[in-house]
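Enquirer: What follows is the residue order along each chain.
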Amino acid sequence: MEGPLVRCVDVHKRFGRLEVLRGVSLDVARGEVVVLIGASGSGKTTLLRCINHLETVDRGRIYVDGELVGYREDHDGRVRADREPEVARKRAAIGMVFQRFNLFPHLTALGNVIVGPMHVKKMPRRRAEEVGQALLAKVGLGAKVNAYPGQLSGGQQQRVAIARALAMGPKLMLFDEPTSALDPELVGEVLEVMKSLAREGMTMIVVTHEMGFAREVADRVIFMDEGVILEEGTAEHFFQSPTHPRTQAFLSKIL
Amino acid sequence: MLPFLAFQFEADAVWEFLFNEQIVDGAWMTLKVAVISQVIGITLGVVFALMRLSKNPLFSGFANFYIWFIRGTPALIQLFFLKFGIPSMIGDPDIAREFTFFRAAIIAFGINEGAYMSEIVRAGILSVESGQMDAAKSVGMTYLQAMRRIVFPQAMRVMLPPTGNEFIAMLKNTSLASAIGLVELLRATRQIYARNFLIMELLVVASIWYLAMTTVFSILQAELERAMAVGERERPETLFSRVLAIIGGRRGI
Ligand SMILES: Nc1ncnc2c1ncn2[C@@H]1O[C@H](COP(=O)(O)OP(=O)(O)OP(=O)(O)O)[C@@H](O)[C@H]1O
Ligand SMILES: [Mg+2]
Numbered sequence: 002m003e004g005p006l007v008r009c010v011d012v013h014k015r016f017g018r019l020e021v022l023r024g025v026s027l028d029v030a031r032g033e034v035v036v037l038i039g040a041s042g043s044g045k046t047t048l049l050r051c052i053n054h055l056e057t058v059d060r061g062r063i064y065v066d067g068e069l070v071g072y073r074e075d076h077d078g079r080v081r082a083d084r085e086p087e088v089a090r091k092r093a094a095i096g097m098v099f100q101r102f103n104l105f106p107h108l109t110a111l112g113n114v115i116v117g118p119m120h121v122k123k124m125p126r127r128r129a130e131e132v133g134q135a136l137l138a139k140v141g142l143g144a145k146v147n148a149y150p151g152q153l154s155g156g157q158q159q160r161v162a163i164a165r166a167l168a169m170g171p172k173l174m175l176f177d178e179p180t181s182a183l184d185p186e187l188v189g190e191v192l193e194v195m196k197s198l199a200r201e202g203m204t205m206i207v208v209t210h211e212m213g214f215a216r217e218v219a220d221r222v223i224f225m226d227e228g229v230i231l232e233e234g235t236a237e238h239f240f241q242s243p244t245h246p247r248t249q250a251f252l253s254k255i256l
Numbered sequence: 440m441l442p443f444l445a446f447q448f449e450a451d452a453v454w455e456f457l458f459n460e461q462i463v464d465g466a467w468m469t470l471k472v473a474v475i476s477q478v479i480g481i482t483l484g485v486v487f488a489l490m491r492l493s494k495n496p497l498f499s500g501f502a503n504f505y506i507w508f509i510r511g512t513p514a515l516i517q518l519f520f521l522k523f524g525i526p527s528m529i530g531d532p533d534i535a536r537e538f539t540f541f542r543a544a545i546i547a548f549g550i551n552e553g554a555y556m557s558e559i560v561r562a563g564i565l566s567v568e569s570g571q572m573d574a575a576k577s578v579g580m581t582y583l584q585a586m587r588r589i590v591f592p593q594a595m596r597v598m599l600p601p602t603g604n605e606f607i608a609m610l611k612n613t614s615l616a617s618a619i620g621l622v623e624l625l626r627a628t629r630q631i632y633a634r635n636f637l638i639m640e641l642l643v644v645a646s647i648w649y650l651a652m653t654t655v656f657s658i659l660q661a662e663l664e665r666a667m668a669v670g671e672r673e674r675p676e677t678l679f680s681r682v683l684a685i686i687g688g689r690r691g692i
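Chains as they are written, first to last, in the numbering used here: chain A, 2 to 256; chain B, 440 to 692.
These are computed hints drawn from the structure, not numbers from a lab.
Be aware that a few hints might be false.
[Said to hold, decoys possible] Partial pick of chain B residues on the chain A-facing surface, computed with a CB cut under 7 Å:
id	residue
1	Pro-532
2	Ala-535
3	Arg-536
4	Ser-569
5	Met-572
6	Asp-573
7	Ala-574
8	Ser-577
9	Ile-589
10	Pro-592
11	Gln-593
12	Val-597
[Unchecked claim] In silico DSS-like pairs for lysine-lysine, Cα to Cα no more than 30 Å straight-line:
id	chain 1	residue 1	chain 2	residue 2
13	B	Lys-494	B	Lys-611
14	A	Lys-122	A	Lys-196
15	A	Lys-139	A	Lys-122
16	A	Lys-172	A	Lys-254
17	A	Lys-91	B	Lys-494
18	A	Lys-122	B	Lys-471
Every residue, glycine too, gets a C-beta built ideally from N, C-alpha and C.
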């Protein structure tokens, strides 16, 4: 299909009286890697969660691959909440990696990776295990297939989480500060996996303050501030000539 | 001056009646009622816990009402409702006869237990981090799939100890059903001592049976807890794991 893979149109989201997203519009092309930066509380996590409908949207629309996520459009153009199996089907095509890994602690590394393919895609166990083993090998954990999350380092856990998301064959990957809960020496191994994904042409939206990563693989960097997109450009643009004073202030803190 | 005390206790009678057919049948009935009621209770507990957690006020309202009613009335009255109250309202004697002692007991105990189990299940579900549900949904699971595959297996670890307590209590509370005429362990005991007047001896016999059953289930519970601690760095030691460790000469896990 043509057109952008992700299209956010004037997205608004509030929690009680707090308006967290105040009209975010964003297109992400197929194969594009977008890095999202911004101060704590600016709404980065909320935007990612809205994209795969872990949060409802109050106003505006989000399309992934031409389809609304979590909603359907009636003939008269009205938007209604979608039925749960439909929501689940659309979510299955959107991988998400969380800041705190959120691995399933009662399942092994392989168990974490195959639980989606087996129970959502109804893939036979043998086949799912082959796929899972290949993915764990790909993220450098071929030897940790039978380890439980509690027996893995943070960097290893996050790589399992990436493999778990990839196992569903997603068209889009969302990363929410995937390295910020890691010890500094473990950050590199996770970023390497993400870089190789980017090189393979995966469409990615990555919330991170790793500007080195942004410079290397991001097609575009977006700066969010108080629920709106304030500035966007290449990583170089943000290093050399950020225009907005708030962007300058923010970058001076993280660089 | 102290009154003259003469104890009469025929220890041999304890041994003689321990495996008396009526007693063994009674103990079997007690076990059957307890296990079936507990299974019903756990099932209802899961259903009502999910209803209570539901955003739909109709569901949560109904669940709240059920829990409020069951916890606020004596189990004995609930038994009477099922054995005498409801059948008395039914005109058709054939249908009323279907309310046997056994059926009335398991339904009443099951419904009663469901109210307590729903609180245990709810606490178990709430003990699982919300990120687990998010992650399960992000791989495309529906709410119920995520509950079944991801949340419940983790909640079980929290639910198991109080559920074990509930079951031990259930084993003993089944004796209430003797009041509606069910011949379980206590009623069998009373039937025998009504004939031979060996009251104390037979009460000791019944107690031995209750203790045996509760002990076996306590051991089973500990084993189950150990089995569920999979993926943990420290697994709780149990009777069997210690014995195995001694036999095998190993230390730790
Ligand atoms: N479920 C929620 N209920 C109420 N408030 C929320 C909820 N989730 C987020 N918020 C609030 O919304 C605001 C934006 O949160 P969000 O997590 O999107 O920010 P963020 O840009 O990801 O920040 P950080 O860099 O700290 O992760 C914050 O003020 C947060 O407290
Ligand atoms: Mg965040």
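Enquirer: State for each hint whether it applies.
Expert: Comparing the hints with the structure gives:
1. Interface hint at Pro-532(B): violated, since its Cβ lies 47 Å from the closest Cβ of chain A, which is beyond the 7 Å cut-off.
2. Look at Ala-535(B): its Cβ only gets to about 43 Å from chain A, farther than 7 Å, so that hint breaks.
3. Proximity of Arg-536(B) to chain A is violated relative to the hint, the smallest CB-CB distance being about 44 Å (cut-off 7 Å).
4. Given the 7 Å rule on beta carbons, the hint for Ser-569(B) is violated: about 9 Å separates it from the nearest Cβ of chain A.
5. Hint on Met-572(B) is violated. Least Cβ distance to chain A is approximately 9 Å, over the 7 Å limit.
6. Annotation: Asp-573(B) was flagged as interfacial toward chain A, and the flag holds, the nearest CB pair being 6 Å apart, inside 7 Å.
7. Evaluation of the Ala-574(B) hint against chain A yields a held restraint, the C-beta minimum of about 4 Å falling below 7 Å.
8. For Ser-577(B), the interface hint holds, since its Cβ comes within 7 Å of a Cβ in chain A; the closest pair sits about 4 Å apart.
9. Here the hint on Ile-589(B) is kept, as its CB sits about 6 Å from the closest CB of chain A, short of 7 Å.
10. Given hint, Pro-592(B) at the interface with chain A, holds; its Cβ is 5 Å from that chain's nearest Cβ, closer than 7 Å.
11. The interface hint given for Gln-593(B) holds, since its Cβ lies 6 Å from the closest Cβ of chain A, which is under the 7 Å cut-off.
12. With its C-beta approaching chain A no nearer than about 12 Å, Val-597(B) sits outside the 7 Å limit, and its interface hint is violated.
13. Using a Cα cut-off of 30 Å, the hinted pair Lys-494(B) and Lys-611(B) is violated, with the two alpha carbons roughly 37 Å apart.
14. For a cut-off of 30 Å, the pair hint linking Lys-122(A) to Lys-196(A) stands: about 27 Å separates their Cα positions.
15. Between Lys-139(A) and Lys-122(A) the CA atoms are separated by roughly 21 Å; this keeps the pair inside 30 Å, and the hint holds.
16. The straight-line distance between the Cα atoms of Lys-172(A) and Lys-254(A) is roughly 34 Å, outside the 30 Å bound, and the hint therefore fails.
17. Of the pairs offered as hints, the one joining Lys-91(A) and Lys-494(B) holds, with about 23 Å between alpha carbons and a cut-off of 30 Å not exceeded.
18. Between Lys-122(A) and Lys-471(B), the direct Cα distance comes to roughly 41 Å. Violation of the 30 Å bound is thereby established for this hinted pair.
Of the hints listed earlier, those the structure fails to meet are numbers 1, 2, 3, 4, 5, 12, 13, 16, 18, in rising order.
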